[in-house]
Amino acid sequence: MSILVDENTRLIVQGITGRDGAFHAAQMIEYGTEVVGGVTPGKGGMTTDSGVPVFDTMEEAVRETGANTSVVYVPAPFAADAVFEACDAGVELVVCITEGIPVADMIKVLPYAERRGTRVVGPNSPGVISPGSAKVGIMPGSIHRKGNVGVVSRSGTLTYEIVYHLSENGFGQSTCIGIGGDPVVGTNLLDTMELFAEDDQTEIVVLIGEIGGNDEEKAAEIIKGGYPRKVAGFIAGRTAPPGKRMGHAGAIVTGGSGTAADKIKALNDAGVRVADTPAQIVDIVKDLA
Amino acid sequence: MKLQEVDSRGIFSGYGLPVPESILITDPAEAGAAAKKLGCPVVVKAQVLVGGRGKAGGVKLANTPEEAAEKAEKIYGMDIKGLKVQKVLIAKAVDIEREFYVGVVIDRSSRMPLIMVSPAGGVDIETVASENPEKILKTVIDPAVGILPFQLRGMAGFLSDDKEVKKQIAKAISALYQAFMGVDASLAEINPLVESPDGKVWAIDAKINIDDSGLYRQKKIAAMRDTSAEAEAETQAREESLSFVKLDGNVGCIVNGAGLAMATMDMIKHYGAEPANFLDIGGSSSPEKVLAALNIILRDENVKSILINIFGGITRCDDVANGIIEARKKMDMDLPMVVRLTGTNSEKAMEILADTDLIAASSMEEGVKKAIEAAK
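Read top to bottom, the protein sequences are chains A and B.
End of the first sequence sits at 333 in this note's numbering; the numbers just go up one at a time, nothing left out.
End of the second sequence sits at 381 in this note's numbering; the numbers just go up one at a time, nothing left out.
Simulated from the structure, these hints should not be mistaken for lab results.
Note that CB positions come from ideal geometry on N, CA and C, so glycine has one too.
Treat the hints with caution; some may be incorrect.
Here are the in silico distance ranges between beta carbons for each label pair [claimed, not checked]:
(1) 172/B with 78/A: 56 to 64 Å
(2) 330/A with 155/B: 53 to 61 Å
(3) 333/A with 356/B: 43 to 51 Å
(4) 110/A with 114/B: 30 to 38 Å
(5) 356/B with 93/A: 28 to 36 Å
(6) 172/B with 309/A: 54 to 62 Å
(7) 327/B with 158/A: 31 to 39 Å
(8) 83/B with 241/A: 32 to 40 Å
(9) 132/A with 35/B: 55 to 63 Å
(10) 232/B with 309/A: 30 to 38 Å
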């Protein structure tokens, strides 16, 4: 029955009166997500054009609406504070869309969230969608179909590209989660794989990785040790030169580690087929289904 | 963002690290006077933003001011890994008894700062890590608690048995960590930290990389940016807030989103050609952004065709198509341009493009193939 977000998601939009927050709040409501409130300090008491009540604080928003999830569209200099506030207010899940939060802030936020029992997705994440149930983020809802493929990715538009091919070919998704392109993120690839392993709707996992770090290699180890779902892979950045940051703060090959070749090899060694192109994912999924 | 050694030394000094005095010169004629002022022997060091300066001959010891002038003359203007030396640092030399490595990075798996220390200083730490991993001690620091006395004792004890030296090393590591956190660094490294024969500890080299996301609150550091190590187009791209990396191929690409941009490069290679660049124009594909991106790509004379690959998503593709046409009108260029748009209103976008000299593609695969063909 999907992971992280579903019919039971009651969402607060942090930064709802900003340009991005307002636009995406409306988009999420249109998709059917239950947006129960928004927070912008100093704007409490107003109601947005889409009829969502705005609160000054997360504490008040949660108390008044019974929200269990928040999504952060707050600008980078204030975003860490927004996540701290969400954890403190007791939501179960915070999805942080904001890009460009200093790593020095995130390394303080994430242990704090963990101690409070709050799961963080992101930052620099396109969000999480369980097609047909709820969308929390900025992805285009229209390209998704409900189904049994779980998608986990470090990227935004590349995920849309792959999801588009999956949906076009009749492979719907249980949940698609963008874990974020930063070097330090809350819920990582391995955490997501654990969640998919326990989800009965998910039969196949599509793992979309990229250069930088070694989470894909660790995922390969888990798969080797016996993972209860079939896995198809894609790794971006085969042509990325070493030492150069490829857009995402976390996408960089340093000291010869984190290359696409290493990740592809590790996955292949674990029996996972890695697609050469986004469209090829469909062929692999077809064979696995 | 990478900092020059001279700036990193200044930051370390400010945090109380023992850094030998130095003078930066931009004219080799000033080297003699600088050496005299500091007192010889001195080290003459090329200031370039690449590793391996020593091996390339960019770091020399001088025992007299005359010798310093002569060495500076040689180093100045030298080519180190494609970079011309334009600044030289004259630093007071320190006698070396032992060399250590100390560095702080962000550990992606524990999501916390990680301090690495090694008694094998003065060599590339990645070499030590692969050949003698037991010679590196790694200590994870909880940023909420900070660096703890027992951790400092452990690290200092890993490097030395001498009580006085250990005390100085511990103090140096603590200062290094404070500097790392204080300037939003992604890496802060002293290689080597040395012990002199008289038992004094000195940081004789300094390297700091800054987390770009922290620069908005590090105004002083941001002003230290040195653009000499990057292609001009990369400097221009940064000023336009575009993410760009120059490559050697002839198919230019403009893509929305970093992952899709990498996948586009990979696909160009997959179909037998070479990408000319990585360029992510981000979520909004306004005419201004497209124009700025085109301007950057066209600086590269190798480029023979341009592929614009946009997964529209929520953005309306007809708007993007109009933006591209508008940008194209403002450009004096005759390179073939392939445009792939998928998302809301993409059919309408294709109709708009059909009336122009732009080559429309309905999928990423088709776009890449057409762009490769056009580059031939």
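Next item on the list: Output the numbers, in ascending order, of every earlier hint that fails for this structure.
Entry: 3, 6, 7 and 8
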